[in-house]
Every structure is written in structure tokens, then in C-alpha cells.
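> Reassemble the complex: the two chains are provided individually, in unrelated frames, and hints are given to aid placement.
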Amino acid sequence: MANETGVSVVDDEVKMECKLGDKSRSDTGVDHDEYELLHSKSPLFFDLYERKSELQKQTHYCPGCGHGVVHKLIAEALQELCLQDRTIFVSPVGCSVFAYYYFDVGNVQVAHGRAPAAATAIKRAGPDKIVISYQGDGDLAAIGTAEIVHAANRGEKITVFFVNNGIYGMTGGQMAPTTLVGQKSTTSPWGRRPANEGFPMHMAELIATLDAPAYVERVALSDNKNIMKARRAIRKALEIQRDGTGFSFVEILSPCPTIWGKDPVEARHWVAEKMIPEFPLNVFRDRKPEIPSGNDPPQRAVADVLGIAPKAAVCGVSKLKPARRLPSRFKDVKIKIAGFGGQGVLLLGQLLIEMGMREGLQVSWLPSYGPEMRSGSAHCHVCLSKERIGSPLVSHPDVLIAMNEFSLRKFANEVPSGGLILYNGSSVPADFVAPEPKVVAIPAAEIADKLGSTKAANVVMMGALLEETECLAPGTAVTVLEDVVKKVDLLEIDRKALDAGRLFIDEQAHVGAVSQPDGFA
Amino acid sequence: MPQLCKGNVAVVKGAILAGCRAYYGYPITPASEIAEAAALYFPQVGGTFIQAESEVAAINMVYGAAAAGVRVMSGSSGPGLSLMQEGISYLAGAELPCVIVDVNRGGPGLGNIAPEQSDYFAVVKGGGHGNYRNIVLAPASVQEMAELTMLAFELADKYRNPAVVLTDGFVGQMMEPVELEDREIQPREKPWAVKGTPETRANVISSIYLEANELEEHQRRMEAKYIRAQHAEQRWELYHTEDAEVLLVGYGIVSRVLLSAVEALRKQGVKAGLFRPITLWPYPAQALVKAAARVHKVLVVELSNGQMVEDVRLTLNGKVPVEFYGRVGGNVPSVGEIQEQVLARIAVTV
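Chains as they are written, first to last, in my numbering: chain E, 1 to 521; chain A, 1 to 350.
To be clear, the hints were calculated from the coordinates, so they are not data collected in a lab.
Quick reminder that beta carbons are idealized off the backbone N, C-alpha and C, glycines included.
Any given hint could be a false lead.
The calculated DSSO-like cross-link candidates involving lysine-lysine, where the alpha carbons are at most 27 Å apart (straight line), are [as the list claims (entries may be wrong)]:
{"no.": "1", "chain 1": "E", "residue 1": "Lys-229", "chain 2": "E", "residue 2": "Lys-41"}
{"no.": "2", "chain 1": "A", "residue 1": "Lys-267", "chain 2": "E", "residue 2": "Lys-386"}
{"no.": "3", "chain 1": "A", "residue 1": "Lys-190", "chain 2": "E", "residue 2": "Lys-52"}
{"no.": "4", "chain 1": "A", "residue 1": "Lys-319", "chain 2": "A", "residue 2": "Lys-125"}
{"no.": "5", "chain 1": "E", "residue 1": "Lys-386", "chain 2": "A", "residue 2": "Lys-271"}
{"no.": "6", "chain 1": "E", "residue 1": "Lys-288", "chain 2": "E", "residue 2": "Lys-236"}
{"no.": "7", "chain 1": "E", "residue 1": "Lys-184", "chain 2": "E", "residue 2": "Lys-274"}
{"no.": "8", "chain 1": "E", "residue 1": "Lys-225", "chain 2": "E", "residue 2": "Lys-274"}
{"no.": "9", "chain 1": "A", "residue 1": "Lys-267", "chain 2": "A", "residue 2": "Lys-290"}
Counterexamples of contact, computed for chain E against chain A with all Cβ distances above 10 Å [unchecked claim]:
{"no.": "10", "residue": "Gln-183"}
{"no.": "11", "residue": "Trp-190"}
{"no.": "12", "residue": "Asn-282"}
{"no.": "13", "residue": "Ala-430"}
The following block holds chain A by itself, in its conformation from the complex (with noise of 0.2 Å):
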């Protein structure tokens, strides 16, 4: 039976069940539920939940928890997720995997605790100092914040690499039924771990090189994880695009009211598809050029100002024409607004 919860909730949940008993964080609007289900859950099941002075020491508890060798996680937003950047550079040089959940609010600065998608450069791009990636997950439902949360540590041992979770304010405060299985994963064995035993003595966690090519090596065998990745992970969702003329691009929040933009403009004759990419990084790249392949044109719509319709442009090069249509702020599109975009969109093309 399905239960109903909140998306915050159903990423705790999710990384229970995933095997993880470390919760290390600092509460901020709209990511705070995170925190505090993680506080009323972990130190039931044996784990730890420690509401750190700041995201910046919070991120450190959860590099020192990853180099001992649990699966430890960290929820915040734009702002905390700032803070925690720096930190985040040092997991990813360290190699050492953890699940950060950012619930994407209005920005820059203090901005507001509405819903944006204007961290995707921060989260996707890097943000951090240096040469590295986050896996990152796009959840558009409370399930998926459920299902995708307990990926991603998958992901992130697989690699040793953070990967993030990231979603907004609206995905992380809605509730939707969601349905959980009891049975838990046995996170896998961590021979690399520090973990104050004989076994382990030998062991070091750094992401300290200084001779030039030490750093080029280690760097190398970085990149090399990342295209392992780049082949293996790409995620995403097709919707009635097998015959689309207009080709609807979104992630999260914005994917659902696109695919219910979808339905209206099909009724409407206009043969419209929705491409959701579940995997931000890496990016969705072949199954995008596919989906894509036969469009008149290519639409993304996102809760910025023209972020992720950057690898949008990069992925199809030029073959397609892309449109972007953003708000911000808070302000999330209806379904008539994005009606009434794409059709004044064909019109101009005809």
C-alpha cells in the first residue's frame, strides 16, 4: 500500500532504505522537512543525525564519514549548497561518494524560498574549485525522490563521487503517494575506507598531489570514471515523441506541467512531445539526439534565466533549432502559458 508524503520526506525514506545511517546537515528553507525527518528517522534505525553549525561544517562531517565508509548524505539549497562547494571539491578529489540533496530556491543572493531550477550550472557544472563532475538526478515526483535518492548512493559508491539529488521547492514540499519496499540495501564493501582497523592502516584519503604529474594521473583517472559514467548512466523519460513536430524539453517540476502541456496541445492537433532528462549529468546525449531527430523544433523550458538549454544546444549542435522559454522568481509556467508558447512559436515558423 501506498503511503503519502512529502518529496522531502521520501528522500529520507529513500536513503534508509538505501543503507544509510549518517545525516549530517544545517536547516534552510525549502529543504528544512529533509533535515527533520532525517532527525525523527536515522536515530531510530541505529543512525546518526548531527545538525552541524553551518553547510560548511556539515559537508566536512560528510567527507569524514564518507572516508570512514558509510553511506552519509546532506540536504540544503542554493544558498547552503554555496557554502558546501568547497567541500564538495574535496569529496569529488578524494574520490569519496556521498548524496547531497539540493532543493533549488529562488536566487542569487537570499533570492526567496520559492521553487527555481537555477542551480543547474552550480550543481551541473561544477561549482566547486577544479576538474570534476557530480552525478547528478533529476526526481519529477515523491516516488522518484524516493527511488532516485536510493540510485544515487548506488552512483556514488559505484564511482566514488558525489552525486546529487537535484529538485526544488515544489517537488521537495509536494506530497504524492509513494510506495516503498522493506527491504534494505546492503551497501557494498569499501576496501579503501579509513576505518581505524588493522585491514585499513594503510590507508589514506587525500586529494593532496603536488608533484604536476601526479595531479595530471590522478586527474586522469578521474576523467576516465567519467566517461565509464557518461556510457553507462544516462537516464531519462520519453513521452509521444515517436511522431513529435515539437519537442518539449524539461526536468523536475517543469517536466510535469510539460507533459501536461503535452495532452492539451495534442488535443489541439499539434503533435507535441516531451523529452525529461533524469540524469542532468551526464546528460542524456544520445537518446536526446534521437528524440530530437525529427522535430521542426526543439523547446526547454526551465525555472531560469537558459541554463540547461545550454547542453541542450551543445547536445544537438545546431541540427535543430532551440528555443528557450524561462521564468523565474518563483513563478512556475501553467500549462496555457506553455500552449500558447509553443503555438506562437509554430506560428512564427510556418
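Chain E extracted, bound-state conformation (with noise of 0.2 Å):
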């Protein structure tokens, strides 16, 4: 029926007609020869099936089986598109496992019911490749629900042909979702009961209901007049997806005469009677669906996205202050600063690994973990280490950062001696029983209110932080802030706010009013 190029040069339906015509006949007993003779293999199917071990000459398929004829139907649809070497067949579990022993083009099998979030991405690496889903009742009405729902929904340019025969044919006769009210099988031995399995699933009418889908039809192997109808909602299926229109969904009501206890006349007959009847024929959506354009991401660099300096930034660098050293006494510094969500906490920690890295300090920063993460207080574990840093967790900071009272009093103990807590307060708490550590109060809040913004309170604490430890540079700070900062007024209130910290500390030691003699700076 089609030449070599492929191309369809005579008129397929009145072929099609005359050829199912002919299959009846031969259900009703022509013998062997003939059989062979009216029965042309569309040139997209395999001559001999080499991927089979045995009986390569046929298919694996039962006689009256309508996977047998969904399977010519594509492929007779796909050579007149000329489509085979663009194709990719996704083959699922159940009876059409074995799709890639006849189908001549390329091939994937996958697991039970995932064949549409497969496709998904066979269809993302090749957008101009024709991807189908060839899916079985139980494949993606039961186990794969989720998946043909979404991949619908996301409007996949990709094809779903559902194969419902309303049973679990390859495992010997299970329920499917859309066995039939009453319908026998050997997981509903008295006939499907809704009070105990529900109704037959009718994904045709579901998919129809989401936004993203071009086309959804159900169609039936019950007759010769249905399966032109079939043939052609197949191929328009195809051709919407060439034409990348949006996802296709073809339903096809078909026969299981073995599962079924029916001779193939018989089986399709029943389609006729008992499957249609429940499952209406129908185009359920045939329209191009309206996708809203807009919001597409900006192409970039890969280094300007991952944020990789260019070589010359780099020699720049060098410009910089040399690697500072940390003050003679320490090897390292370990910071613990703890607060309420929305002090800062977090991104303080964050400020000083960014200060340690420029000048050249190994860094470490962990945030809090557990289910105060999603509570409200926060803490950060820092390290600024000359020599590569162990662990990056602190049990015992050098110096602790207590935003609030209760930070103060959960972790002023890991403190050891010689250590240095700065909390934010204009005093300790009067019934605090203060540990052998050094403990400076500063009202970082007040300060930073004054300023024009309370939340720089914790800047005020890194200006603290720096006049009483030097661990780093007040300049480092600054040019930390400028380039993190983006809003000018905030960047000013941050620098005052650094100042300011630093002054207080500055303005205590003249007073002496520390709170304990054997502190820390």
C-alpha cells in the first residue's frame, strides 16, 4: 500500500476496507495461503522479527488481539507521515512489551506505567522527534495514573495510545481499572462490585478535563467502520504531534479474546456491546491549546550563570590586601550566632565566611539544623581557620553571638573560658548567672533603630565583633557590604551600623565597663 519513499499512493481507506474485509473472511476460515496473500506488513514493521527467539515470522500476539491491529495502524501512519527514522517508541509492561520486536524504529522500554514521564524527557532531549506512549488499562489507568495525568497536564508534545481491553491480559486476567461493572476476572471472581472496586475509570473523559491537551479521542477495534475511525484519530494523533501542536491522546476500546474466553468474532462483538455502551466514542478536545507566553528564562554564559569570575577578575584579585593573618592567638576562630528568624542570624554568618574567603582564610558556614529551622530561632555555625577546617560544626565557640535572651542562655555554656559572648541587650538579664567567659552587652537593636533600620542590629554586632576579637578587618567588612548590599540606602545604614558597633566596644573599654576583668581582647 505505500511505495518506496513511503508515500501513500492509493487511497488508504478503501485499502483498509477491502483488507479488513478480507480479515473477516479469513476468521471464518480461508485457509492459510490466502491469508497470507491479503494481508500486506507495513514496511515500518520488520520483515522477519529477529528480536524474538522463536516463531519469528509472527507476532507474540493472540489471533483476534487488538494490539495486532493498533500496532498497524501505527505503523502504516507512521510511514505515511514519513516519520519512521524520527521515531521513538515507548513500550510499557503488559502485552505490548515486546513493541520493539516488530516496530523498525527506535525503541525504549520502560517501567509499568511510567511510559508518559519517560516520553517527557525522550521528548525534552529531542523536541522534533516523534515520541509515542503505547500504554495498556492497567499500564495507565492503575499504576500509572499520576504520570499520563501530569504529562497531560504539562501538555507534553508527545502521543498516548491507551490500549483499554478492560483487563490485565500479560499477567492471565486481573482487574483493570476499566473492567466493567459485573465483569469477571480472576481478581474480582464475582464479577467487578462497585461497593468494593468503584467504577470503571474513564481516562478519555479525565484527561479531557485539563487545560493542556490538543486532542483526546476514544475509538473502537469493534467493527471495520470503527477501525477506519480508529486509523484515522492515530494518525491525526501523529500529525498534531509533527506539527507539535500539543500532547494527543487516542483511547482504543479493544478485544482480548483469550483473557476474555471469546473467539475473536466474538470478542469484538463484546467491544461493540458491553465496552462502548460504558465507554462512549467520542473527540473529547481537538483544539490547539493556548499556551500564555512570556516570563522565558535569559540566556546566558555558563560562567556568568554559575558565577565564575573571568580570568582577568581573577588576576584582580590579587590587587586586593594580601591574605590578612587572624590575631597572633588564635589558629582559628569559631563562631556560634544564634537569634530569632529575621535577625539576621543566618546572613551574618554568611557576611563573615565572605570577609575570611577575601582575605584569605579557609571558611566554614553550617546553618542550623532540626525543626528549629522551621521555628522561629536560627543559628549559624562559622569557622575562619588558616589551615584546612576539620569539623565544621562548633560545640565550643570562641565566641558566641547571642541575638536574644534565650539564645544567650541555651548556649552561653559551650562557651569555654577565655572565650567572648556579645549580646544583644543594653544588659544581661540581672537572674543570668554569667559562665567564666568574657560577656559585653551591646543594645544593637536600639542602635540600629536609631540608625533607621532595626535589622541592622546584626551589623552592629559584626562591628562588635571586629573591634573586640580583629579577627577581620573592619575594611574587609565594608567592601563585604557594599557588594552585598544592593540598596543604597541600606548599604549606608549598614556602614553606620558597622561604625557604630565598632565604636561601642571602642567607648567600653575606655570606661571599663565590662562586665568581667578576664576577658577575651
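Structure below.
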């Protein structure tokens, strides 16, 4: 029916009618030679099914099985549309798991129910390819319900052929989501009872409730006329994919004579008499979906996207101040910063390691972890070191920055003697038993408030930390703030906050109003 | 100039530099930054990011992309990894390369979102059905999150097999400087892939072999490549093992604590050393045997109730006493805690 170039030269439908008419004759007892003669095979199928281990001239499908018909209709459509070289056929788990025995196209066999997911990624890898997800009812309507619904909802430009025969064929006749009410199966031995198993699922209707699909139709292999409709639907679905219009879905009511315990002709009648009344044939969707455009991500060079500095800038770094030394009494500084969420606790830690990195130190930052992450309080661990940092966890901080009273009480005991506690408050709470380390109360929130933003309290604390410990250079802090804070007015407040924190410590030192004499500085 | 970033973000940066342009995943704490970074970066460099409807769908999307011959990845944490195990088995069975990042959280069940190393069995010993192996890499720093992700893509392609970057909530959430080179890797050709081209029309991706002999032959072929990987791909790090009398063994975040513990113990006069496996599969067995050759005692430390310790015991085969110390639930032993453990155990020996 097709010439060498794969373009149909005969009126397909007439030819098809003719052949199917012949087939029904062969069903009624025409001899084998005539059967061979009358049923041409699409050139899209392999001549010999060498991927099968035996019986390489015939398929593994039972006589009268709908899969053979659907395969043929798909093969002919692909051939007519000249899509063979572009096609990737995704076969499921079920009787059609071996579709790759027959179709001379690229083949991918996938896990039960997941063909739409795999097809999604195959199509995204090659948007100009023709990707077919071929699925049975157990595959698509039971185990793979989520995958089909979401692939359809994303409007994946794939074509799904859903062969619905109301039963699990390959595994020997268990109930499917599409098994009819009252229909017996090995797992519904009294017939499907809606009270126990629910009702048959109408997948075409379900898919058609979504906005994205372009084409949804249900057809049936009940008689020649309907098979011709199926043929047109299958071809149309593939054309829709070829044209990039959207998601196309064809549900095909299909006979399973062996499992139904019927002969092929009875089985077709059963499709017509029992299945179609439950699953009405219809075009449920046929329109180009309206997909709003906009918000497309910009296309940029990899280095820009990943924040990799160009070589020139790397050279520029060496012009910055040379790697600064930590104050001689430190090999490293371990800092714990704790407070309420929103106080900039985590950010303060990040600013410190950014500064440390720029000063040539090894640095690490670890956020608080556990339920606290989702509630009001937060803390982070910061390590600054001249040497390789082992554990990034700070169990015994040299410096605790406590942004609230809760954190002060919670973590003060972790600070060893010789350590330092910087507390955000006008004074240490009266009942707080000061541990061995030096505790300095800094009214950071008040100071920041006066400067114009309470949020700058963390920067006040940073200023205090730098002045008290000299662990990092204030100049680096300014540079980092300039790079990190994008809003000009906020940057101005942060600069002032940094200075205010330093000044506060400086004045405290002159007044001598520290809470313990055996302090840190 | 190095840049500061979270471990989970470094993974995505490394993946892009490795030529990966396809990410399919589902959010889960503490791995969500991987999906978020992928959502931000991939579309800007011509890549694909899809938030799948589940980890089940995600891993099968990974399967599809791998079948089509592109470098592809996903990221998740324990519960999500459990859902992916069937798909990982299919990927291994169909010999498809991919990279999966497991940011281990507390389990079993919903557990919590704090770090654990309790997915070792699930990742290293299989997890999915059938005879297969994952290549497993265990980063211990943010820099390694990027570098080992890049390596994972190379190894996955080389052996046509899934490669897993097994890390934990701490390494994933931690920020450290990371140095990245603006030099993108060109992935190797994959003539076996199904690309929808005339040249690849004859290709089939499948893991089904109905005949017993066929399936056995397929598995023998897989086994042969696993043996090749075992010979060629063992990676590890040693720290002060030359004269060590006590050998500490740990991977990931624990190895960082152990490194500090080795230093602290040496200050106390205890000759401690650290053996850190970087590949958890293939397990760096020969190097471990060598490192443990002259020690009196091996102490394996994990954030689990004892999983990797089984591989250490198998490797050392009774030649050295192998002891175990584990913390779980999100607790991480402090340096002091490890010191105490070592000192107590030495005291018992003496």
C-alpha cells in the first residue's frame, strides 16, 4: 500500500476496508495461503522479527488481539507521514512490552506505568522527534495514573495510545481499572462490584478535563467502520505531534479474546455491545491549546550563570590586600551566632565567611539544623581558620553572638573560658549567671533602630565582633557590604551600623564597663 | 577567585560544568536547594528543568533522558530515594548512565530532616531489585560536592550505570568556598542511545531478557564491568596514617569531625590516623587494608547504627579489631566525643 518513499499512493481507506473485509473472511475459515496473500505488512515493521527468540514470522499476540490491529494502524500512519527515522516508541509493561520486536523505529522499554514520564524526557531531549507512549489499561489507568495525568497537564508534545481492553492480559486476567461492572476477572471472581472496587475509569474524559491537551479521542476496534475511525484518529494524533500542536491522546477499546474467553469475532461484538456503552466513542478535545507565553528565562553564558569570575577578575583579586593574618593568639576562630529568625543571624554568618574568604582564610558556614529551622529561632556555625577546617560544627565557640536572651541562656555554657559572648541587649539579664567567658552587652537593636533600621542590628554586632577580636579587617567588611547590599539607603545604614558597633566596644573599653575583667581582648 | 556556595548548589554548578542539561526531580528537605538551583540555572544555559509529580516520575524521566543519550540528573533525600529505587534498578538493568544525589536525612519512615548516613545500605548495597551496583561517591566538602558530581557523570557514562553522590544534610546545607573553572566538559558520544535519528533507529533500550540464558549473559556482562570498575575506580583519602596506631574510618561529614579528632588526639600523644573512603562503591578495599596493616585498632564512626562498618569488617577480615561508634537522629559526634571514645577503647585494649 505504500511505495518506496513511504508515501501512500492508494486511497488508504478503501484499501483498508478491503483488507479488513478480507480478514473477517479469513476468520471464518479461509486457508492459510490466502491469509498471507491478502494481509500486507507495513514496511515500518521488520521483515523478520529477529528480536524474538522463536516464531520470527508472527507476532506474540493472540489471534484476534487488538494490539496487532493498533500496531498496524500506527505503523501505517508513521509510514504515510514519513516519520520512521524520527520516531521513538516507548513501550510499557503489559502484552505490548515487546513492541520493539516489530516496529523498525527507535525503541525504549520502560517500567510499569511510567511511559509518559520517560516519554516526557525523551521528547524534551529531542523536541523534533516523534515520541509515542503506548500503554495498556493497567499501565496507564492504574499504576501510572499520576504519570499520564501530569504529562497531559504539562501539555507534553507526545502521543499516547491507550489500549483499553478492560483486563490485565499479560499477567493472566486480573481486574483492570477499566474492567466493567459485573465483569469477572481472576481478582474479581464474582464480577466487579462497585461497592468493593469502584467504577470503571474513563480516562479520555478525565484527560479532557485538563487545559493543556490538544487532542483526546476514544475509538474502538469493534467493527470495520470503527477501525477506520481509529485509523484516522491515530494518524491525526501523530500529525498533531508532528506539527508541535500539543499533547495527543487516543483511547482504543480493544478486544482481548484469550482472556475474555471468547473467539475473535465474539470478542469484537463484546467491544461493541458491552464496552462502548460504558466508554462512549467521542472526540473529547480537538483544538490548539492556548499556552500563554512570557517569563522566558534569559540565555546566558555558563560562567555568568554559575558566577565563575572571568580570568581578568581573578588577576584583579591579587591587587586586593594580601591574605591577612588572624590575631596571633588564634589558629582559628569558631563562632556561633544565634537568635530569632529575621534578625539576620544566618546572613551575619555568611558575611563573616565572605570576609574571611577574601582575606585568604579557610572558612565554613553551617546553618542550624532540625526543627528549629522551621520555627522562630535560628543559629549558625562559622569557622575561620588559617588551616584546613576539619569539623565545621562548632561545639565550643570562641565567640557566641547571642541576638536574643533565649540564645544567650541556651548557648552560653558552650563557650569555654577565654571565650567571648556578645549579647544583643542593653544589659545582661539580672538573673543570668554569667559563665566564665567575658560577656559584653551591646544594645544593637536600639542602635540600629536609631540609624533607621532595626534589621541592621546584626551589622552592629559584626562591628562589635571585629573591634573586640580583630579577627577580620573592618575594611573587608565594608567591601563585602558594598558587594552584598544592593540598596543604597540600606548600605548607608549598614556602614553606620558597622561603625556604631565598633565605636560601642571602643567606648566600653575606655570606660572599662565590661562585665568581667578576665576577658578576651 | 573562589565563590561561596551551599553544597547543594555546588552540585548543580558541577553538573552544568559536566555538560548536564537535564534535571528531573521532586523537592524534599534537605535536598530542595538542588532542585531550586537547577530550576534557576538549567533553563538559562539551554537546559531542561522539570519538577516531576513524584520521585517515581522523576526517576523515570531520568530514564527517558538517559535513553535519549543526554547527561541527566536528579536529587533527593531518603524517602524520595526509596521511591526511586525501582527506577534505579531499571536504569542499571538497561545500562543507562545518570547521576542521582542523595542528601541523607534521618529515617526510617518520615524520620526527620537532620543529617544521617543511614542510606548507606540502600544506596551502596542496591536498594532496588536484582543484581546491580551503583557507583557511589561521598563528598566531604562543598568543593567536593561540585567535583565529585562532575566525576559521577564521567563514571556513569564510562560504565553506562547510575552513579550516586551520597551526602548528608550537613554537607548539603553547608557553605564553603568553591573554586570552579570555566571549562565545560564535552560528554562522550553515545552511539547506543535512542535519539530518533536514522543512525540510532536500530537501537533498543530495555532491561527485559525473557530467556534464562539471555538474562544470565546480560548479568555476566554487567558483572564484568563492575569488576573493571572495582579495579579502576577506588578512591580514598589518608590523613596521618603512616605511623597510626588507631585508625579512624568515616566518610562525608563524619570524616571532617574525625580529621579534627585526629589532630586533637595527636596533641594528646595518641597516634591516630584517618581513612576516608571517597568511593563507597567500589569500596577502596586495598587502600584500607594497607592503611590498617600496622594499626592496633580500627574505629568506624558513622551517623548510622552501623552500615559501612560491615564493609570495613569484610575488607579487613578479622585481621584487626574493628569497633564502631554511631550517632543517629541528627546528632553528630563532637570532636571531644570522638576523643573520649578513642581513649576509652585504647584503655580497654591496654
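> So, for every hint listed, does it hold in this structure?
For each hint, the structure was consulted:
For the proposed pair Lys-229 (chain E) and Lys-41 (chain E), the alpha carbon gap of about 20 Å is at most 27 Å, so the pair holds. For the suggested pair Lys-267 (chain A) and Lys-386 (chain E), the alpha carbons sit about 18 Å apart, so the restraint of at most 27 Å is met. Straight-line distance between C-alpha atoms of Lys-190 (chain A) and Lys-52 (chain E) comes to about 25 Å, which keeps the hinted pair within the 27 Å bound. Under the criterion of a C-alpha separation no larger than 27 Å, the hint pairing Lys-319 (chain A) with Lys-125 (chain A) is consistent with the structure, at around 24 Å.
Distance restraint check for Lys-386 (chain E) and Lys-271 (chain A): the Cα-Cα separation of roughly 23 Å lies within the 27 Å cut-off, and the hinted pair is therefore satisfied. At roughly 13 Å between alpha-carbon atoms, Lys-288 (chain E) and Lys-236 (chain E) fall within 27 Å of each other, so this suggested pair holds. Between Lys-184 (chain E) and Lys-274 (chain E), the direct Cα distance comes to roughly 13 Å. Compliance with the 27 Å bound is thereby established for this hinted pair. Distance restraint check for Lys-225 (chain E) and Lys-274 (chain E): the Cα-Cα separation of roughly 17 Å lies within the 27 Å cut-off, and the hinted pair is therefore satisfied.
For the given pair, Lys-267 (chain A) sits about 25 Å from Lys-290 (chain A) by alpha-carbon distance, which is consistent with the 27 Å threshold. Even its closest Cβ contact with chain A, about 29 Å, leaves Gln-183 (chain E) beyond 10 Å, as expected for a residue assigned away from the interface. Listed as a non-interface residue, Trp-190 (chain E) keeps its Cβ farther than 10 Å from every Cβ of chain A; the least gap is roughly 32 Å. No Cβ of chain A comes within 10 Å of the Cβ of Asn-282 (chain E); the nearest lies about 27 Å off, and the non-interface call holds.
Distance check for Ala-430 (chain E) against chain A: the nearest CB is about 32 Å away, which clears 10 Å, and the non-interface claim stands.
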